[in-house]
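Chemist: Listed below, chain by chain, are the residues.
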Amino acid sequence: MNSRIVYIAANTFREAVRDRVLYNLIAFALLLSGAAIFVGQISIEIERLVVVNLGLAAVSLFGVVIAIFIGIGLVSKEIEKRTLYTVLSRPVRRWEFIVGKFFGLAATLVVNAFFMAIGVFAALLYVAHKFAAADAMILVALYFIILEFLIICSLALLFSSFSSPLLSAVFAFSLFVIGSFADDLRGFAAMTHGLTRWIATAAAYLVPNFSTLNVISSVAHQHPVGGQLILQNTLYAVFYTVMALSGAVLIFERRNLK
Amino acid sequence: MVAATVLAVSMASCVLLLSHIDKIRPRTIVDDSLYISSPKLVKRASLGFDGLMACIYWTRAVQYFGHRHYLQERSYSELAPLLSITTTLDPHLIPAYQFGASFLAPAPPNGAGQPERAIQLMEYGIEHNPDEWHLYYDLGFVYYTELRDYKKAGEVFARGSKLPDAHPFLKVLAAQMAEHAEDFATARMLWTAAYQTSQDANIRQNAIEHLRAIKVDEDVTNLQIAVARFNRREARLPTSMWELASAEHLQGIPVDPDGNAYDLTIDGRVLVANPDDFPFISRGLPPGYKPGPPKFHTRPGETPIS
Chain R
2 MNSRIVYIAA NTFREAVRDR VLYNLIAFAL LLSGAAIFVG QISIEIERLV
52 VVNLGLAAVS LFGVVIAIFI GIGLVSKEIE KRTLYTVLSR PVRRWEFIVG
102 KFFGLAATLV VNAFFMAIGV FAALLYVAHK FAAADAMILV ALYFIILEFL
152 IICSLALLFS SFSSPLLSAV FAFSLFVIGS FADDLRGFAA MTHGLTRWIA
202 TAAAYLVPNF STLNVISSVA HQHPVGGQLI LQNTLYAVFY TVMALSGAVL
252 IFERRNLK
Chain V
13 MVAATVLAVS MASCVLLLSH IDKIRPRTIV DDSLYISSPK LVKRASLGFD
63 GLMACIYWTR AVQYFGHRHY LQERSYSELA PLLSITTTLD PHLIPAYQFG
113 ASFLAPAPPN GAGQPERAIQ LMEYGIEHNP DEWHLYYDLG FVYYTELRDY
163 KKAGEVFARG SKLPDAHPFL KVLAAQMAEH AEDFATARML WTAAYQTSQD
213 ANIRQNAIEH LRAIKVDEDV TNLQIAVARF NRREARLPTS MWELASAEHL
263 QGIPVDPDGN AYDLTIDGRV LVANPDDFPF ISRGLPPGYK PGPPKFHTRP
313 GETPIS
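Sequence order for the protein chains is R and V. My numbering puts the first residue of the first sequence at 2, with every later residue one more than the last. My numbering puts the first residue of the second sequence at 13, with every later residue one more than the last.
Misleading hints may appear alongside valid ones.
[Said to hold, decoys possible] Among the chain V residues that face chain R by a calculated CB cut under 10 Å, a handful are:
1. L53
2. L59
3. L64
4. D102
5. H104
6. I106
7. Q110
8. Q236
9. I237
10. A240
11. N243
12. R245
13. E246
[To be verified] Pairwise CB distance ranges (calculated):
14. V:L159 <-> R:I27: 29 to 37 Å
15. R:A137 <-> V:N286: 35 to 43 Å
16. R:A129 <-> V:I33: 38 to 46 Å
17. R:A133 <-> V:E128: 50 to 58 Å
18. R:I43 <-> V:N286: 47 to 55 Å
19. R:I200 <-> V:E128: 45 to 53 Å
20. V:E139 <-> R:A137: 53 to 61 Å
21. V:I33 <-> R:F116: 20 to 28 Å
[Unchecked claim] Chain R residues, not near chain V, derived (Cβ > 12 Å throughout):
22. S44
23. V88
24. V112
25. F132
26. L214
These aren't lab readings, by the way, just hints derived from the structure by calculation. Each residue gets a CB set at the ideal place from its N, CA and C atoms; glycine is no exception.
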């Protein structure tokens, strides 16, 4: 990776930390410790399931919210504060700026997820008193959540490259919701006929399929996740991210910044 | 300083007002509301976090049952829908089947009195978790205890016993159902197995209560036989438990699991001294007896009565 991208990424990460993004970890810790302590008293035999389900759902939702709300401002804020002109007046290409921003945001989310993962495992140890070998599958679920973050970050950047922050947030969040129903969309597409079927199928494949990246329920029951799924999900997330980033770069390259 | 005082006063006012509002709101509205009754709709609305939603709905089901059970309610109209949503959201949530069936099947006030819904729930659970032998055991249990359908119970135990990691007692239970279904020994075996195979305090406590009830039912049956034998031999009824005990060469006055002596009425009926202490007994109850609120007398961890 070239040094300019690394520099922009590091700067983006520093800025996110300075914006007190990691403060969400406090809310997360309170949520998880509260659940670990209280669920045992108000429910029956689901302490472990709640910790895993709630912990991973919180990692995912907190991350998605951060990815969207920071991602949408990455380009527009730089334009608004006119710092973008300073950056682009140096020997930095526009695509390097977009890619650097992406890696900076992704790094922020990975660090955030890392601390949250420590919280999940600590809460799990508190309720179960020991770890089982199958608990390693939680790491796979976390890995898939990080893949989800990559897609969301790239989409937020894509929308941010041509739209206002508010609209970008609406678009990105809508795609997150639609992407969670991706399997249903394909089901609906299969029920239609003719041209509608083609259009519906194309739309179903174009939206990100977040349901395939969600194995939280499965790992909560200590069910194994196949190696093939891990590999193919990784490739899917990488290709989708590259696709959305390429779109962002294409638009940003042609954008008139005067 | 002024702002802090205003903040504290308004916060206290909010809490006070809410507690007053809670008092004037009809409780049934809060307890009986199931805003979305379609399991599929809840699953869609969970945005892929169906495992977490299942935990929330399971907790709601537990709270709903516990609250109504405590109040000695006889209607549990939302219990089955809550369990259906829970298991649709997460078909692998085994406690929802095991406990759900034990909430649904028993007659009120111990349960919802819906054994058919309990069977539906268990069959759904078996369909999605075919290798879980506990579910076959619990389903057979519902057939045995609530429906007295020993043939079906035997079939289910036999199905479960064929699983590779099934507990060996399932085979024994399947055989017992064929010939000795109504024996106390069979009932004792079932509840002892329930106690031994569960680590959950509630299940173990429930098993202990049933084992205590079986002991009482068996004692009363045997004493009633002794009274009849005495009647045949002496052409009259025994006047007291002392007389019966000495005529039958018993070692002292027979006592229930709590150490209280059984009573003998003037018309030769054997009664339990404190029927409220044995919520599951079917014999030795005074005429016209109405059960009080459920009481548990043994703590989890105590050994069951043999």
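Chemist: Against this structure, judge whether each hint is valid.
Modeler: Cross-check of the supplied hints:
1. L53: Result: violated, 12 Å to nearest chain R Cβ.
2. L59: Given a least distance of 5 Å, the restraint on L59 of chain V holds.
3. L64: holds (4 Å)
4. D102: Since the shortest Cβ distance to chain R is 6 Å, the answer is holds.
5. H104: Where the cut-off is 10 Å and the nearest Cβ of chain R is about 5 Å from H104 of chain V, the hint holds.
6. I106: holds (8 Å)
7. Q110: Holds. Min distance 8 Å.
8. Q236: violated (39 Å)
9. I237: violated (41 Å)
10. A240: violated (45 Å)
11. N243: violated (49 Å)
12. R245: With Cβ-Cβ at 53 Å, over 10 Å, it is violated.
13. E246: Since the shortest Cβ distance to chain R is 54 Å, the answer is violated.
14. V:L159 <-> R:I27: 29 to 37 Å: violated (53 Å)
15. R:A137 <-> V:N286: 35 to 43 Å: 53 Å Cβ-Cβ, so the 35 to 43 Å window is violated.
16. R:A129 <-> V:I33: 38 to 46 Å: Given range 38 to 46 Å: holds, Cβ gap about 40 Å.
17. R:A133 <-> V:E128: 50 to 58 Å: Taking Cβ atoms as reference, A133 of chain R and E128 of chain V lie about 37 Å apart, which means the hint is violated.
18. R:I43 <-> V:N286: 47 to 55 Å: violated (32 Å)
19. R:I200 <-> V:E128: 45 to 53 Å: holds (46 Å)
20. V:E139 <-> R:A137: 53 to 61 Å: violated (29 Å)
21. V:I33 <-> R:F116: 20 to 28 Å: violated (40 Å)
22. S44: violated (4 Å)
23. V88: holds (37 Å)
24. V112: Holds, since 23 Å exceeds 12 Å.
25. F132: holds (18 Å)
26. L214: With a cut-off of 12 Å, L214 of chain R comes too close to chain V, as the shortest Cβ separation is near 9 Å.
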